[in-house]
Amino acid sequence: MVKYVNLNVFLTALLILVIIIIAAFFAITTYENYKKANYEEDIKFLNQQMLMNDLFLSYIQDTNNSESKCAVLEKQYAAEYNINRQLLNKLRQINKNALVPTSNYIKHMYVLTNVKLWLYHKKLNIDCNKDKILVLYFYSENLTDNKVSRIRDDQLNSIFENTLTDLSKRCDKINIFALPYNKDIIILDQIITDYNIGRYPAVVVENKVYYDLTQIKDYNCE
Amino acid sequence: MKSQNNFSLKIKIFYLIIFISIIIFTFFIKVIDWVIILVIFGFLFYFLILSLLISKKYPTISDSKPFPKKVPTVAVVTYAFNNFQPILDTINCLKKLKYPIPFYVYVITDGTCKFLNNVPGVKQIILPKSYFKKDSSINLKSRVINEGLKHIKEENIFQVDGDTIPEKDALLKLTGTLKDNVAMVIGSIGVKNDNTFLEKIQTVEYNFGFGYPRLVLTAIDSLDVATGAFCLYNKKKILSVGGYDIYNITEDKEIAYKLIEKGFSVEFVVDAKAKTVVPNTIKDFFIQRMRWYRGGYDVTAKYIHLFYKKNQGYFNFYLIYTTLALIIGMMFVAKTTYDIIGTIVANIYYYLSNLIAYGIDISAISLSHISFNPFFSSLLLLFIISAIFALYFMSISFSYNNFKIKKKYILPIIYLIFVHGFILLLISIISIIYGVFGVKYRW
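Read top to bottom, the protein sequences are chains A and Z. For the first sequence, counting from 1, position 35 maps to 34 in numbering that gives the first Met the number 0; every step adds exactly one. For the second sequence, counting from 1, position 155 maps to 154 in numbering that gives the first Met the number 0; every step adds exactly one.
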């Protein structure tokens with residue numbers, strides 16, 4: 000019946016395909032791991048910086064010339080704050096596009112690092128007598144498969160973030176720390192309980208919780 | 000009558016199974032693991048690799064074969080009705096065909112084409128007008144040709160549509176291949192009218208399709224379309240399988256399946272060329288492709304037993320593979336379309352709701368997070384790899400078919416690689432929906 004093609008041609012095609020699939024599998028996992036490794040590097044760098052903060056803090060307590068030291072510390076914190084903000088955007092991007100889901104390690108490290116950074120800034124306000132307004136922003140971290148609810152939450156996040164960005168542009172004194180509304184992470188659960196935050200997105204400014212955007216929009220930062 | 004009803008039921012069930020598969024995949028599968036996507040990609044990619052290997056290993060399979068020592072008699076057959084005068088142009092071309100012995104051009108008509116009465120070399124086969132009466136459930140062309148064949152004595156039939164013009168040596172080049180178990184031979188069809196973008200797309204599509212893809216199918220004895228616009232067949236062999244199916248809208252596909260089932264084959268000859276007129280409006284293009292898809296599914300349903308019938312060579316594999324590939328393709332296209340439209344609608348809805356609830360002005364909100372790419376960014380790499388392979392296969396197919404890539408075809412080629420498949424699969428999905436709900440066929 001079959002006049003022309005040998006079965007070997009079919010098998011050769013299959014072999015080539017298997018090689019391509021295996022190569023593609025390893026290429027994708029390597030690329031995804033490479034992307035994750037980059038974020039892990041960022042977090043490691045940030046932690047290293049924070050170790051330095053501890054040294055600075057100890058040094059401030061033991062020195063009389065706290066004014067110049069505080070200036071250095073403030074600069075240091077500001078740089079870390081910027082790194083962490085960029086990290087949030089990267090983390091969201093990787094969550095959105097990643098084939099291999101982001102490991103909890105990176106997420107937890109980001110959250111813990113950000114909480115630690117917030118605590119440093121609080122301490123800086125007290126130790127160096129600064130009047131920075133520290134804002135905690137709890138965004139929704141929708142991990143469900145329900146696309147519509149994810150879009151709803153993304154839109155809400157987007158509106159809150161735009162409003163907060165406008166606020167930070169308007170008020171030099173404001174530092175915003177973005178955290179997911181995730182009660183599974185113990186420290187976050189503690190903060191959520193302490194501030195009695197009932198839903199998300201929510202913004203905590205000077206111990207007061209805001210759910211209404213118009214109040215945040217009109218916030219007087221003087 | 001009973002068997003016709005059973006057949007209709009078989010088709011309905013076939014359509015329904017595909018329809019339900021598409022619905023489940025589109026609306027109920029929320030997340031697909033990337034490894035599964037990779038495997039599906041591999042499955043779809045397999046035939047492209049196989050085609051490349053075959054086209055490299057057997058590049059001359061579809062070249063014209065030496066003309067037989069004993070010259071077979073041939074009848075050149077076309078049809079016309081309702082006083083269709085443009086048929087004269089086709090007839091004039093058909094009369095100029097090269098062939099070692101004299102032949103007649105037979106025109107099957109309804110008796111209204113009086114202008115053909117005194118044309119030398121032309122014989123009219125006049126059938127009752129009822130044969131030409133339009134009926135959405137009957138394939139008029141099949142009915143007319145089947146009846147016309149009864150009036151022809153020649154061994155071979157060279158069948159040409161009224162809007163198709165073959166090259167002078169086309170018949171000569173096809174004849175050598177029509178031997179042994181080959182019942183039908185088709186040539187390479189190009190496009191006569193390639194002025195608009197839609198026509199250029201079809202020009203590129205035809206010149207690709209009538210190149211290596213048909214060589215590959217010939218090589219694995221699975222050429223499943225005996226292109227009715229322009230083909231040469233052995234009358235005895237065609238009549239032995241009962242001629243064309245008058246209830247199928249793609250009679251050229253149906254007859255190919257019927258021939259393959261009975262142990263015959265259909266072959267392709269690349270250097271026997273003709274040009275035809277293609278649809279020049281989106282509406283006509285849509286109707287034509289709908290007909291092709293619905294007819295194709297009807298044929299697959301009718302011959303579904305060939306999935307497992309023994310002694311069919313590679314045809315079982317080809318049939319199962321292409322049917323599955325088409326269904327998977329439709330599932331992904333349906334899901335992607337649903338995801339894109341759903342995402343846009345949901346984003347706009349929540350955007351407007353939030354706008355009303357919070358009074359945030361439009362400029363403050365970014366819709367940049369809308370993902371238009373439901374397949375993940377890393378899989379884009381696979382998409383690019385397959386596009387490169389497709390482009391390569393296309394380019395070698397063009398050169399095999401002697402098609403020169405001019406500047407005016409660059410955009411249609413890009414469209415063909417990145418968009419056309421998606422559009423065709425959408426049309427295919429619509430044809431499934433039409434099939435499920437029993438929408439009448441359109442010609």
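Errors might be hidden in some of the hints.
To be verified - Short, incomplete list of chain Z residues facing chain A, as computed with Cβ under 10 Å:
(1) Phe44
(2) Leu49
(3) Leu197
(4) Asp220
(5) Val276
(6) Thr280
(7) Asn346
(8) Tyr348
(9) Tyr349
(10) Asn353
(11) Ile384
(12) Ile387
(13) Leu390
Said to hold, decoys possible - With a Cα cut of at most 20 Å, we get these calculated DMTMM-like pairs of lysine to aspartate or glutamate:
(14) Lys334/Z to Asp144/A
(15) Lys95/Z to Glu260/Z
(16) Lys146/A to Asp32/Z
(17) Lys29/Z to Asp152/A
(18) Lys146/A to Glu146/Z
(19) Lys34/A to Asp62/Z
(20) Lys35/A to Asp338/Z
(21) Lys122/Z to Glu146/Z
(22) Lys29/Z to Glu140/A
(23) Lys168/A to Glu73/A
(24) Lys207/A to Asp217/A
(25) Lys29/Z to Asp144/A
Said to hold, decoys possible - With beta-carbon atoms standing in for the labels, derived distance ranges:
(26) Ile185/A to Ile39/Z: 21 to 29 Å
(27) Phe25/A to Lys97/Z: 34 to 42 Å
(28) Val344/Z to Ala77/A: 38 to 46 Å
(29) Lys407/Z to Ala77/A: 52 to 60 Å
(30) Phe27/Z to Leu13/A: 37 to 45 Å
If you are wondering where the hints come from, they were derived from the structure by calculation, not from laboratory data. Bear in mind the structure is a predicted one, so any value in this text is a computation, not a measurement. Don't be surprised by glycine CBs; every beta carbon is placed ideally from N, CA and C.
The hints, checked one at a time:
no., hint, in the structure
1, Phe44, "holds, 6 Å"
2, Leu49, "holds, 4 Å"
3, Leu197, "violated, 34 Å"
4, Asp220, "holds, 5 Å"
5, Val276, "violated, 33 Å"
6, Thr280, "violated, 37 Å"
7, Asn346, "holds, 6 Å"
8, Tyr348, "holds, 8 Å"
9, Tyr349, "holds, 4 Å"
10, Asn353, "holds, 5 Å"
11, Ile384, "holds, 8 Å"
12, Ile387, "violated, 12 Å"
13, Leu390, "violated, 17 Å"
14, Lys334/Z to Asp144/A, "holds, 15 Å"
15, Lys95/Z to Glu260/Z, "violated, 36 Å"
16, Lys146/A to Asp32/Z, "holds, 16 Å"
17, Lys29/Z to Asp152/A, "holds, 18 Å"
18, Lys146/A to Glu146/Z, "violated, 58 Å"
19, Lys34/A to Asp62/Z, "violated, 51 Å"
20, Lys35/A to Asp338/Z, "violated, 27 Å"
21, Lys122/Z to Glu146/Z, "holds, 15 Å"
22, Lys29/Z to Glu140/A, "holds, 18 Å"
23, Lys168/A to Glu73/A, "holds, 19 Å"
24, Lys207/A to Asp217/A, "holds, 15 Å"
25, Lys29/Z to Asp144/A, "holds, 6 Å"
26, Ile185/A to Ile39/Z: 21 to 29 Å, "violated, 41 Å"
27, Phe25/A to Lys97/Z: 34 to 42 Å, "violated, 58 Å"
28, Val344/Z to Ala77/A: 38 to 46 Å, "holds, 42 Å"
29, Lys407/Z to Ala77/A: 52 to 60 Å, "holds, 58 Å"
30, Phe27/Z to Leu13/A: 37 to 45 Å, "violated, 32 Å"
Hint violations for this structure: numbers 3, 5, 6, 12, 13, 15, 18, 19, 20, 26, 27, 30, all remaining hints satisfied.
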